[in-house]
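Novice: Top line first, the protein sequences correspond to chains A and B.
The first sequence begins at 1 in our numbering and counts up by one.
The second sequence begins at 1 in our numbering and counts up by one.
Hints listed in this document are in silico derivations from the structure and should not be mistaken for laboratory results.
If you're wondering where the values come from, they're calculated on a predicted model, not measured in any experiment.
Be aware that one or more of the hints could be misleading.
Here are the simulated DMTMM-like pairs of lysine to aspartate or glutamate, each with C-alpha atoms no more than 25 Å apart in a straight line [said to hold, decoys possible]:
#: 1; chain 1: A; residue 1: LYS4; chain 2: B; residue 2: GLU27
#: 2; chain 1: B; residue 1: LYS528; chain 2: B; residue 2: GLU517
#: 3; chain 1: B; residue 1: LYS528; chain 2: B; residue 2: GLU483
#: 4; chain 1: B; residue 1: LYS515; chain 2: B; residue 2: GLU561
#: 5; chain 1: A; residue 1: LYS4; chain 2: A; residue 2: ASP54
#: 6; chain 1: B; residue 1: LYS396; chain 2: B; residue 2: ASP329
#: 7; chain 1: A; residue 1: LYS30; chain 2: B; residue 2: ASP288
#: 8; chain 1: B; residue 1: LYS478; chain 2: B; residue 2: GLU522
#: 9; chain 1: A; residue 1: LYS30; chain 2: B; residue 2: GLU561
Now the in silico label distances, taken between C-beta atoms and shown as ranges [what the hints assert, rightly or not]:
#: 10; chain 1: A; residue 1: GLY74; chain 2: B; residue 2: ALA157; range: 34 to 40 Å
#: 11; chain 1: B; residue 1: ARG338; chain 2: A; residue 2: VAL15; range: 38 to 44 Å
#: 12; chain 1: A; residue 1: GLY74; chain 2: B; residue 2: GLU45; range: 15 to 21 Å
A virtual CB, placed ideally from N, CA and C, is assigned to each residue, including glycine.
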Amino acid sequence: MTNKLFTVIAEILEVPSTAITAQTSAATEKHWDSLRHMQIIFAVEDAFGVHFRDEEIPLLTSVQAISNALASYGANPV
Amino acid sequence: MTNESDVEESGGAHLVSVQVIRNFTVEAIAPFLTRALVASGFSPELRFGGFASAYQEIAEGDMPSTDRGVCMTVLALGLEEAAPDFGHVNWPAADVCEHILMLVRMAVATWSSPLCINTVLAPLFQPWGLARGSELTEVENSIVALNSELRTIAAAAPGRVILCDWEHYARLLGEQGTYDYRFWYSSRAPFAAPFLKLYAEDIAKATRVLSGRIRKCLVLDCDNTLWGGIVGEDGLDGIQLSTDTVPGRYFYEFQRAVLDLAERGVILALCSKNNEADVMEVLNNHTDCVIRRNHLAGWRINWAPKCESLAELANELNIGLDSFVFVDDNPAECELVRQMLPQVAVIQVPDRREQLPSLLFRDDLFGTLVVTDTDRTRAESYRIQRERRELQRTVKNPEDYLELLRTRIVLRQAGERDVARVTQLLQRTNQFNLTTRRHDESMIRELLASPSTLLLVCEVFDRFGSVGLTGVLLALRKGDVAEIDSLLLSCRVLGREIEFAFVAAAADWLRREWKTEAIDAEFIPSAKNMQCADFWERCGFVRSGSLIDGVIRFRAVDVTEVISRSSRSFITVEAET
Chain A
1 MTNKLFTVIA EILEVPSTAI TAQTSAATEK HWDSLRHMQI IFAVEDAFGV
51 HFRDEEIPLL TSVQAISNAL ASYGANPV
Chain B
1 MTNESDVEES GGAHLVSVQV IRNFTVEAIA PFLTRALVAS GFSPELRFGG
51 FASAYQEIAE GDMPSTDRGV CMTVLALGLE EAAPDFGHVN WPAADVCEHI
101 LMLVRMAVAT WSSPLCINTV LAPLFQPWGL ARGSELTEVE NSIVALNSEL
151 RTIAAAAPGR VILCDWEHYA RLLGEQGTYD YRFWYSSRAP FAAPFLKLYA
201 EDIAKATRVL SGRIRKCLVL DCDNTLWGGI VGEDGLDGIQ LSTDTVPGRY
251 FYEFQRAVLD LAERGVILAL CSKNNEADVM EVLNNHTDCV IRRNHLAGWR
301 INWAPKCESL AELANELNIG LDSFVFVDDN PAECELVRQM LPQVAVIQVP
351 DRREQLPSLL FRDDLFGTLV VTDTDRTRAE SYRIQRERRE LQRTVKNPED
401 YLELLRTRIV LRQAGERDVA RVTQLLQRTN QFNLTTRRHD ESMIRELLAS
451 PSTLLLVCEV FDRFGSVGLT GVLLALRKGD VAEIDSLLLS CRVLGREIEF
501 AFVAAAADWL RREWKTEAID AEFIPSAKNM QCADFWERCG FVRSGSLIDG
551 VIRFRAVDVT EVISRSSRSF ITVEAET
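Build the full structure now, drawing on both the sequences and the hints.
Specialist: In structure tokens form, the structure reads like this:
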């Protein structure tokens, strides 16, 4: 399965988008450090036209969490 | 014929390495910068310096040279994180500004690779409000002075120090687009994505220009682009083009923007499906049409597909399609050109016509880092070329054409004022260049100072005007013999036998001034100069052997014969002393 969110995150983590799943997270990806986290947030916001609240951001450390947050803003992560 | 500045460009993904030296968290720029560089055809590698080590990294000197094409350093220094009290009472703005200026000066003085520097942003909010005391004034003046100094530094090193104007991004974007407080306080990363995108675009643009990938030619549609309405239907008086009423004024202002670009060296052409006579009537007779026939290097005004017309124009102007920017209002035409000629940058006229006047400045597609005198007169020289081609088409016999051109060449010994142009010609000329020796500027200065060296330059004029300094001959005195080290002619003037007249005049000079009895000359074959393989023999030289170490040698023992064989009756020669 490929979707837009996977592609955006894969670009930042510098891995093929096929390597990304809903379970991909800061815990499973050694590249996903705090700087990449910021890059991911910027890139996701840019791609989906949303603006996460500051208290959400530290929690958005997995693809699933980001996907859920996007859905809560009415954005379609696929 | 090829314009000499176009020869060295090539396709393919260029390698580029960018290192960012900074005093705050700027990593969030990475995806935007990578994307901007990839979109410009680069294969980028980014490297970020340490968080608190800007000083050491600058002091350590240039980035290690790699095999990665262009190397660019971005010095990203802001006030935001430079001292902990940013924007608060007693924030030592003057000291912080001085420190930043010191870092930039050090980098500019010690580094030789291209460097992006930036203006800094004053705190958006300050505790004083309307109570403008001396402290606020001091803070603001320090920042204004720093930015002014940074602009001066960049202007003094054009092409090496590039200014990324943060103040300008902030003006364009406002608070929301500039700052992202979420990451400022959590990660020392003050800037928002839109700001970082503009910054990334400028860095990518500078990289593009440094690697010679620039757009040079603006090709414009006419109806609903240069004016509102359709000239073929609405007529000269019916089209919308006016200095004082809308919508005509949008188009008038757009035309002025086009002329601004021409002023900095962009070549102009038209590509329109129209009757040529209708368009020419507007260009010649409409009182508010500021783009005139004389501004144009060429045009295709006919009913042929625009892709064909663009390809023909590229051929006629001797520049690559990848240096074209094409503007049209018709979405179908735009899409077709994008599909068929992906190397052309296509801009569609916006639906909101009030955006038309600033359209061409927004993306600064014609980005150059330096504007030279040659750029300022380029439109003129292309116009002259066009008129020459028109004459050539009307004359059947090539000899008549050369006669009608009334070519005049003026020879003189090069002086200090010629060093830049002579070096440029030596570096860029490929086709008519007998030895392709790429002497650099310091070498030229050395040669100028030497009494046993003759550096002759040749300026060409004809009935259409000046073609400029287009020929260089370098001779070395070896007793009674003169040795021609270099001879070249810009491809702008090839095909007119000027090279012969130039050699005749130079030989005459050598005979008179140096009492030269024989002239030695060389031909060093390259991939691009085979057209001059038999040049020396045609001038009366005799080949003295075969190819040895890549060089073929020639000698003329009778200078008078060289002069008589090379002189051309249809070229007037003048010597300036």
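Novice: Hint by hint, note whether the structure agrees.
Specialist: Hint by hint, here is what the structure shows:
Annotation: proposed proximity of LYS4 (chain A) to GLU27 (chain B) holds, straight-line Cα distance about 22 Å (limit 25 Å). Annotation: proposed proximity of LYS528 (chain B) to GLU517 (chain B) is violated, straight-line Cα distance about 32 Å (limit 25 Å). For the suggested pair LYS528 (chain B) and GLU483 (chain B), the alpha carbons sit about 23 Å apart, so the restraint of at most 25 Å is met. Taken as a hint, the LYS515 (chain B) and GLU561 (chain B) pair is honoured in the structure, with Cα atoms around 15 Å apart against an allowance of 25 Å.
Between the alpha carbons of LYS4 (chain A) and ASP54 (chain A) the distance comes to roughly 23 Å, so the proposed pair stays at or under 25 Å and holds. At roughly 40 Å between alpha-carbon atoms, LYS396 (chain B) and ASP329 (chain B) are farther apart than 25 Å, so this suggested pair is violated. The hinted pair formed by LYS30 (chain A) and ASP288 (chain B) fails the criterion: a straight-line CA distance of about 64 Å is larger than 25 Å. Only pairs whose Cα atoms come within 25 Å are accepted, and LYS478 (chain B) paired with GLU522 (chain B) is accepted, the gap being roughly 15 Å.
Straight-line distance between C-alpha atoms of LYS30 (chain A) and GLU561 (chain B) comes to about 79 Å, which puts the hinted pair past the 25 Å bound. Evaluation of the 34 to 40 Å hint for GLY74 (chain A) and ALA157 (chain B) yields a failure: the beta carbon distance comes to about 50 Å. About 31 Å separates the C-beta atoms of ARG338 (chain B) and VAL15 (chain A), a value inconsistent with the hinted range of 38 to 44 Å. At roughly 38 Å, the beta carbons of GLY74 (chain A) and GLU45 (chain B) sit outside the given window of 15 to 21 Å.
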